Amino acid sequence: MVSAEITGIGWVTTAGMGCGKDHDRFDTPCGPLPEIAPADVFDKPYPHFGRMDKYSRIGLTAIAFALKDAGLAEWKVKRNIGIIASTVYGCLGTDVDYYDTVMSKKGLGASPALFSYTLPNSFLGEAAIRFGLTGKSFIVNEQVPSGLACLNMSLDSIGCGESKTMLCGVCDLGCPPALGANSNLPPGALFFVIDKSPMKGSSTYGTVSLDRKYRILFRQTEIEDLTMLVRKCLTGYRSRQGKSKTLGIHVQTR
Amino acid sequence: MRRVVITDATTITAPGNNLSELWQGLLAGETAIRPVNRFPLDNYGSKIAACIEDLKPINGHSMIHALLDRLFFEMGPVPPDSFLITATTKAGIDNLETLRRGNSADFQDVLLSSITDIVSQKLGLVGSGINVSASCASSTIAIALGAEMIASGRTEATLICCADLVTEFIFSGFSALKALSPVPCMPFDRGRNGLSLGDGAAALLLMSHSRAKRENRERLGTILGSGITNDATHITAPSKSGRGLIHAIVQALKKAGRKPDEIGAINAHGTGTVYNDIMELNAFKRVFGKRKVPVYSVKGVIGHTLGAAGGIEVILGLKTLSTRIVPPTVGFSDPEDGAKGLVSSEPQQISGGCLLTTNSGFGGVNAALVLGR
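From first to last, the protein sequence lines stand for chains A and B. Heads up: the first sequence begins at 1 in the numbering used here, then just goes up one per residue. Heads up: the second sequence begins at 1 in the numbering used here, then just goes up one per residue.
Chain A with its partners taken away, still in its complex shape (with noise of 0.2 Å):
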């Protein structure tokens, strides 16, 4: 059986954005995502955040607040970590605009910079050089949408020694409006920092595994999506604190 510590959770979802351990609750209620801004994620600068698309800004940010919530945002040295994240549409929205360049003047006003985003991989890239994670990082697309195949991935890579630690996740937005096809899939970004040996002292949500049937367990249930995943760890996390706050949603917006 492989298991490894949840040390991290970040997001951005229709009710904000942040780390986990400055939350109570996760929830995904209708509305538009948030506007971000550098500043609501990085403390220093950051003008290349402004050049990306949507999809790798959500993605990003999330990786962003998980790598903080679990210590590891800061860097000198780059590091064997990993990404493995999972989405439905993917960075389809970037697609239509970057094809529509193309459209509009038959090619020449084809767009390299929105083509470079064309590829759901890129936001990995971009955390890749932003936090100095050298590990594997591809994209996956499941056939039964859960984003449980990134942290069974995760799981197995830190279990046959290639990382100790992996960041694994969901980012999407959702079918572009322009497409017309209609998604129930709330949009946003969910990572998980999942650690084989934390750091002695640091505080982490808990223990996930996988069983002997591949199943995920945390503290001993079986996970069935992210979702269920992230409010237990934060239900948890608040009870062994003994901060049971009753607030409702922190949300960190500019």
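In short, the hints are calculated from the structure, not lab data. Check each hint, because a few of them may be wrong.
What the hints assert, rightly or not - When the alpha-carbon atoms are kept at most 16 Å apart in a straight line, the in silico EDC-like pairs for lysine to aspartate or glutamate are as follows:
no., chain 1, residue 1, chain 2, residue 2
1, B, K292, B, E218
2, B, K213, B, D42
3, A, K106, B, D337
4, A, K232, A, D24
5, A, K213, B, E156
6, B, K290, B, E262
7, A, K105, B, D42
What the hints assert, rightly or not - Quick list of the computed label-pair ranges, beta carbon to beta carbon:
no., chain 1, residue 1, chain 2, residue 2, range
8, A, Q241, B, R154, 43 to 53 Å
9, B, N216, A, Q143, 25 to 35 Å
10, A, G31, B, N59, 35 to 45 Å
11, A, R240, B, N59, 52 to 62 Å
12, B, H209, A, L217, 24 to 34 Å
13, B, R34, A, Q143, 32 to 42 Å
14, B, K240, A, S197, 31 to 41 Å
15, A, D211, B, N216, 26 to 36 Å
Treat the numbers as computed from the prediction; the structure is a model and nothing was measured. Backbone N, C-alpha and C define an ideal beta-carbon position, used for all residues, glycine too.
Assemble chain B onto chain A, guided by the hints.
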């Protein structure tokens, strides 16, 4: 850890509808990179790619359906319990073009998971699968994951299927990045000036050695080890030092329990872009030192098939191991610094029982696999 063997494999590329035709085309040194007539090219610097000429969208479906239909013509039976891992960068992106131009097309084909759905239904696979997307290393990573699932005992069989198309979307993007060569690409040549795109798909059936033996399946080769890393330096450009690729190769050799001396040939990513090829030569030099390991690229024949490149190249790597012939690098004549004595425009003999295959891509991704007989 259980031994992982490849029991069946098939390809479809511009040089041919099967592996045999592709292999013959490679050995003959014939490029399939030709003028494109799939979309208007007036405003692009390059006008060529390795397209499968008679690939057409049918009844609102993306061309990816036609590509996958043909891919499985020569594939033997796939066990329904095989775990499916597909790999693509853009799936049926031609349908997004159609939709944006105001015509009707199946929206579902645009989603990356559409390939998983199509293959799963076509072959009657019982479980749900996944698609992997990691730019030009997508299928290399898919194979690594499939092999790891078998090695760890999670499953006994995985089917890896990868596919990507030459579309206006992709062609215009690489053109805008000034990454397309106006002539068929020239991997590792001093005069190289960019890549050429290509249509392509591949399927590989991976099995535990014990099950393959039990079912009396042919064993085409073995996946011995894999390594996947990120450069963490740039989104579209490779790390000049090749550090990320070096780490991926070292990781793959370590997992395989092999030393660099045991590698008989290297299938390089070899896109023909200035920076990719020099990065790879730097990485190979660091890992293999002064030893002259034959290095080859197949992209001068089939073009860069993006997410399908790794899968097609693993199958060609197995062919290289079984025939002991390293295919020529078509388009190569004047060696880039560091390529002399490694890359050849003629077929070479392979010594040693293992082959290294590598792919790198946007997002800083590097992936390496060590294959055995």
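Results of checking the hints against the structure:
1. B:K292 x B:E218: violated (32 Å)
2. B:K213 x B:D42: Since the Cα atoms of B:K213 and B:D42 sit roughly 55 Å apart, the hinted pair is violated (cutoff 16 Å).
3. A:K106 x B:D337: violated (39 Å)
4. A:K232 x A:D24: Answer holds: A:K232 to A:D24 is near 11 Å, not above 16 Å.
5. A:K213 x B:E156: holds (14 Å)
6. B:K290 x B:E262: Between B:K290 and B:E262 the Cα gap is close to 14 Å, so the pair holds against 16 Å.
7. A:K105 x B:D42: holds (11 Å)
8. A:Q241 x B:R154: 43 to 53 Å: At roughly 36 Å between Cβ atoms, B:R154 and A:Q241 fall outside 43 to 53 Å, so the hint is violated.
9. B:N216 x A:Q143: 25 to 35 Å: holds (31 Å)
10. A:G31 x B:N59: 35 to 45 Å: holds (39 Å)
11. A:R240 x B:N59: 52 to 62 Å: holds (58 Å)
12. B:H209 x A:L217: 24 to 34 Å: holds (31 Å)
13. B:R34 x A:Q143: 32 to 42 Å: holds (36 Å)
14. B:K240 x A:S197: 31 to 41 Å: Cβ of B:K240 to Cβ of A:S197: about 34 Å, so the range 31 to 41 Å holds.
15. A:D211 x B:N216: 26 to 36 Å: holds (34 Å)
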